[in-house]
Structure formats: C-alpha cells, structure tokens
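Asker: One-letter residues, chain by chain:
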Amino acid sequence: MSPFTTWDIVRNLLFAAQWTVILSLVAFIGGGVVGLLMLFARTSKRVAARRLAILYIELFQGTPLLMQLFLFFFGLSLIGFNVPPWLAAGLALTLWTAAFLAEIWRGCVEAIPRGQWEASSSLAMSYFEQMRYVVLPQALRIAVPPTVGFSVQVVKATALTSIIGFVELSKASTMITNATFQPFVVYGFAALMYFALCWPLSKSSQLLERKLNVAHRNH
Amino acid sequence: MAYSLDFGALAEYAPIFAKGVAVTSELTLVGGVLGVGLGILCAWVRTDGPKALRPIVSLYVEVIRNTPFLIQLFFIFFGLPSIGVSLTEMQAAILAMVVNLGAYAAEIIRAGIEATPRGQFEAGASLAMTRLQIFRNVVLVPALQRIWPALSSQIIIVMFGSAVCSQIAVEDITFAANFIQSRNFRAFEAYIVATVLYLILALILRQIMRSLGTIIFPRRRVVR
Chain A
1 MSPFTTWDIV
11 RNLLFAAQWT
21 VILSLVAFIG
31 GGVVGLLMLF
41 ARTSKRVAAR
51 RLAILYIELF
61 QGTPLLMQLF
71 LFFFGLSLIG
81 FNVPPWLAAG
91 LALTLWTAAF
101 LAEIWRGCVE
111 AIPRGQWEAS
121 SSLAMSYFEQ
131 MRYVVLPQAL
141 RIAVPPTVGF
151 SVQVVKATAL
161 TSIIGFVELS
171 KASTMITNAT
181 FQPFVVYGFA
191 ALMYFALCWP
201 LSKSSQLLER
211 KLNVAHRNH
Chain B
1001 MAYSLDFGAL
1011 AEYAPIFAKG
1021 VAVTSELTLV
1031 GGVLGVGLGI
1041 LCAWVRTDGP
1051 KALRPIVSLY
1061 VEVIRNTPFL
1071 IQLFFIFFGL
1081 PSIGVSLTEM
1091 QAAILAMVVN
1101 LGAYAAEIIR
1111 AGIEATPRGQ
1121 FEAGASLAMT
1131 RLQIFRNVVL
1141 VPALQRIWPA
1151 LSSQIIIVMF
1161 GSAVCSQIAV
1171 EDITFAANFI
1181 QSRNFRAFEA
1191 YIVATVLYLI
1201 LALILRQIMR
1211 SLGTIIFPRR
1221 RVVR
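Residue numbers (the working numbering), protein chains in the order written: chain A, 1 to 219; chain B, 1001 to 1224.
The hints are simulated quantities; they were obtained by calculation from the structure and are not laboratory data.
The model shown is predicted, which means the values in this text are computed figures rather than measured ones.
Even for Gly, the Cβ is constructed at its ideal location relative to N, Cα and C.
Worth double-checking, as some hints may not be accurate.
Covered, in the sense of this in silico footprint (three residues per stretch, anywhere, with C-beta under 8 Å from a C-beta of chain A), are these stretches of chain B [what the hints assert, rightly or not]:
id, stretch
1, 1052–1065
2, 1088–1100
3, 1191–1202
Below, computed lysine-lysine pairings styled on DSSO-like, alpha-carbon distance capped at 30 Å [claimed, not checked]:
id, chain 1, residue 1, chain 2, residue 2
4, B, LYS1051, A, LYS203
5, A, LYS203, A, LYS171
6, A, LYS211, B, LYS1051
7, B, LYS1019, A, LYS171
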C-alpha cells in the first residue's frame, strides 16, 4: 500500500467536504421551503393548523437530531422503502432545519407591529395577501441575520449524518484515520475545514445584524 | 411486508436503558456544571479579565462555535492520545461537553454582562469595591439572571448533543438503543423509546433549571 501523504489527506477531505456543502444546501433550501409552510401554519388563524405546527416544532426541537436520523434511516425501511443514507440524511435534516427556521421566522413576523396587520386587513386583504405584500417584506429584514446564523448550525449538523453512513467530511475523516492512524492530523484538518465553512457565515451574520441594526430600531 | 411494532420485545432490556439514562444524566450534570463554570471564566476574561488572555479566549470561542461537536469529540478521544494525552471514553466525553458548552455559555453570559448598565459599575466603585468584587457581586449575578433561560436552553441542546458520545462507546441512551437494535433488530422501537427518554429528560432538566433559577435568584429584578 502506498503511504498517505499529508496532501492525500487534505485532498480526500476536500473532496468529501463537497458533500457536506451539498447536504447543507439541500437541508437549508428544503428546510426553508418546509419552514415557510410551517410558518404559515404557525401564524394562521386556524387553531388546528397552529396546534399542528406547534407539535411539529416541539417534536423536532425537543429531541436529539441523531435520534431523528436513526428513526428516518431505520423507520422508513420498515414500512417498505429502501432508504439510502443520503436520502434519510437529507430528509431528516430538512425537517429538522424547517422546525428551527419556522420558529426563528415566527419571531420576526410577530415583531411586525399589530397596526400593520390591522391596516392591511382594513384594505380587505386576505391572510396570504397580508403576508405576501405587507408582513413578510418587513419581517425579511429582521430575519436575515438570525437565518444566516442558523445556517452555521445546519453545516455543523451535517456531521451527524456520518453516523448513519453518509460519506461527508466527518465520515471521510474517520475512514482516513482508519487508513493512516493519524487522528490528530486528520481531525485537525477536518475541524479546520468546518471552520472555514462556518466562520464566514457566523461573521456575516454578526455584520448583517450590525448593518441592518434591526434589534433596536423600533424602541 | 407488513411490520408490526412490538415494544414488548424491549422489556427485557429495560436495565440497559436505565443505565443509559444514568450515564446521559451524569454527562449532562457534570458537563453542565463545569461547562457553565468555564463559560463564566471565559466571559470574565472577555469583559473584565486580563487583556493578554482575550485573544486566546476569543479564538477558543470562535473555533468551538464553528466546528461540529462530533469532530471535537473525535479530536479529543482519538487525536489527543497521539500527543500523549490518553483519556477514557467517559473522560473524553465529559471534556468534550465541557469545552463545547464553555464556549457557548461564554457568549451567552457575555451578552448578559454587556447588558449591565454603566451606572452599576460606577455605583460599585463608589462603594469602594474592588474590580473583582464589582464583577462578582454587582455584574455577574444579575447577568446570569438575565440570561438564565438562554443558558437553560443551551444546556438542553448540549444534552441532545451528548447522544453523539455513543460513538466513542460511552454507554448512554443512544448506545443502549444501538446495542438493543443490534440484538433483536427492533431498531424502530428502540430508537422511539430512546427519543422519548430524551424528551422526558429534557422536560425534567427544564424544570430543574427553572427551580434552580428561583433558588439562586430569589429576588425578582426588573429585567429590561
């Protein structure tokens, strides 16, 4: 067997990091879509829809993500679907992300003054028109920094999918460690790569918060 | 193929789940107490402590907050022995949780400290208190009270994160579920039970933190 050089380690980790990025994007975009649906349900006037959204959010926020991954991975195959790890990982992360984004965005929607709802209501707008033309455009401004901040959590959460066998940065680190017996170097580089992915997001979240200065505008 | 759930098959494994609950509780308790302690120390350094240490603490906080817990755990458990620091699974798990919670708690507590009105420092100084006395008696306690709910949530998040420790053979709830499903192939049931156990632990932990809050902070303050 040819020896692993440091460059071999880095090269293979970088290759695996692509999957971390792809999975993060899938979870974030999918989670955004489902999260928006949940946001509508959570802020809806119908009690049943609100209760359902609350139950969904509590369930996904109140249990470990690892358990959700296991339940998707093993549970779906029980009811007859053959689930490859990437599908279970994508699904579980999407639904998990949705629960958190829905709750973050709810805070932003509720920060919009009551008068805006009343004004748009007095213009005979429907609930969806109110959301579409009046509330969401304003809520979006407040929502950007925490949403970008949460994307860091999503990137970090993808590391858990290695446990159900999805080969991304963490799984690749374990595999390379098993081949090279250099855990210090391999996990060190892996940590560095996660940092390189997450830190710009963290920083831009902070900068956006300062720039939009949304926290103290209406006080 | 029809599959019927059979939770009865898990009954004989109840002691393993019980051990898992004990281990997860221990991890959370020790990790929580030490982690918050580390967080307070780091928050002190970043707001009032020696200036020379500030960049180091900032680097620590940034690195931990921007890397996954799994990698931190593996680095500590698999990586450190190669530079001569060998830890048992349990020690590695607790160290990882303390280091992880310490960074998040530092940021949360710092936010609480920075919300302290300027006048509080001045009032403390005019009573001839030393810097450390002011920090301890005037700044820290109200700051902790202010951020107590956020800190509670963070500790619960860390408890959920501790599920990952099963990957280095710490015999927590997740380890119990893994073990059981490898024995009787009742994966779905085992993980549902594990999930419910985590849910119950989270509810209990939230209640403990709430009660603890009323004990540590008996006087109601006007939180602005």
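Asker: With reference to the structure, classify each hint as holding or not holding.
Answerer: Verification of the supplied hints:
| no. | hint | result |
| --- | --- | --- |
| 1 | 1052–1065 | holds (count 3) |
| 2 | 1088–1100 | violated (count 0) |
| 3 | 1191–1202 | holds (count 7) |
| 4 | B:LYS1051 x A:LYS203 | holds, 22 Å |
| 5 | A:LYS203 x A:LYS171 | holds, 27 Å |
| 6 | A:LYS211 x B:LYS1051 | holds, 27 Å |
| 7 | B:LYS1019 x A:LYS171 | holds, 28 Å |
Violation of the numbered hints given earlier is confined to hint 2; every other hint is satisfied by the structure.
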